[in-house]
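**Q** Dock chain H against the given chain Y, drawing on the hints supplied.
Here is how the chains run, residue by residue.
2 protein chains.
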Amino acid sequence: MHFEVKVEVSPREGIANPEGSTIERALPALGFVTAGNVRVGKVIRLQVEADSSDDAKSLVEDMCSRFLSNPVIEDSLVEVLEE
Amino acid sequence: MHFEVKVEVSPREGIANPEGSTIERALPALGFVTAGNVRVGKVIRLQVEADSSDDAKSLVEDMCSRFLSNPVIEDSLVEVLEE
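Just so you know, the sequences run in chain order Y and H.
Numbering (the numbering used here) for the first sequence: 23 to 105.
Numbering (the numbering used here) for the second sequence: 23 to 105.
Quick caveat, the hints were computed from the structure, so don't treat them as lab data.
There is no bait here: all hints are sound.
Straight line, CA to CA, 30 Å or less: simulated BS3-like cross-link-like pairs of lysine-lysine:
| no. | chain 1 | residue 1 | chain 2 | residue 2 |
| --- | --- | --- | --- | --- |
| 1 | Y | K28 | Y | K79 |
| 2 | H | K28 | Y | K64 |
| 3 | H | K79 | H | K28 |
| 4 | H | K79 | Y | K28 |
| 5 | Y | K28 | Y | K64 |
| 6 | H | K28 | H | K64 |
| 7 | Y | K64 | H | K79 |
| 8 | H | K79 | H | K64 |
| 9 | Y | K79 | H | K28 |
| 10 | H | K64 | Y | K64 |
Pulled out of the complex, with its shape left as it was, chain Y reads as follows (with noise of 0.2 Å):
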């Protein structure tokens, strides 16, 4: 069965995000004062070929943490989204 999965990857806290801090720095200058605390990270969509939900969901973190992410300073939350 064919799945579509989403994966999050984000700085893991205390790790430093020079992206969302530009982006911040950048915000008042635009007229948005009220914004804060931003972080960026990626998200990959990809579709696998899986018996079940629950394979498909092991597969891409099994490809996370050997290859999409960097586990030491990185977070990566994998959705299943459907069938």
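**A** Using the frame of chain Y, we list chain H on its own:
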């Protein structure tokens, strides 16, 4: 009130996604032969101060069209997560 907002910025259909293509080419070499159609985007999490959830959403949608995304080549999806 404070709202936690998540924005997913992803390349529009038909727009080249070199990061996704590179991941897709690399996966078989790592043993992941059942994955395909990989697309990579950005996810931005931020906190905003607004009167209501709808206000928070429209504020962040305004940010997206002016600053956080390039509407010509990217779609953005705003989701207000919680107060």
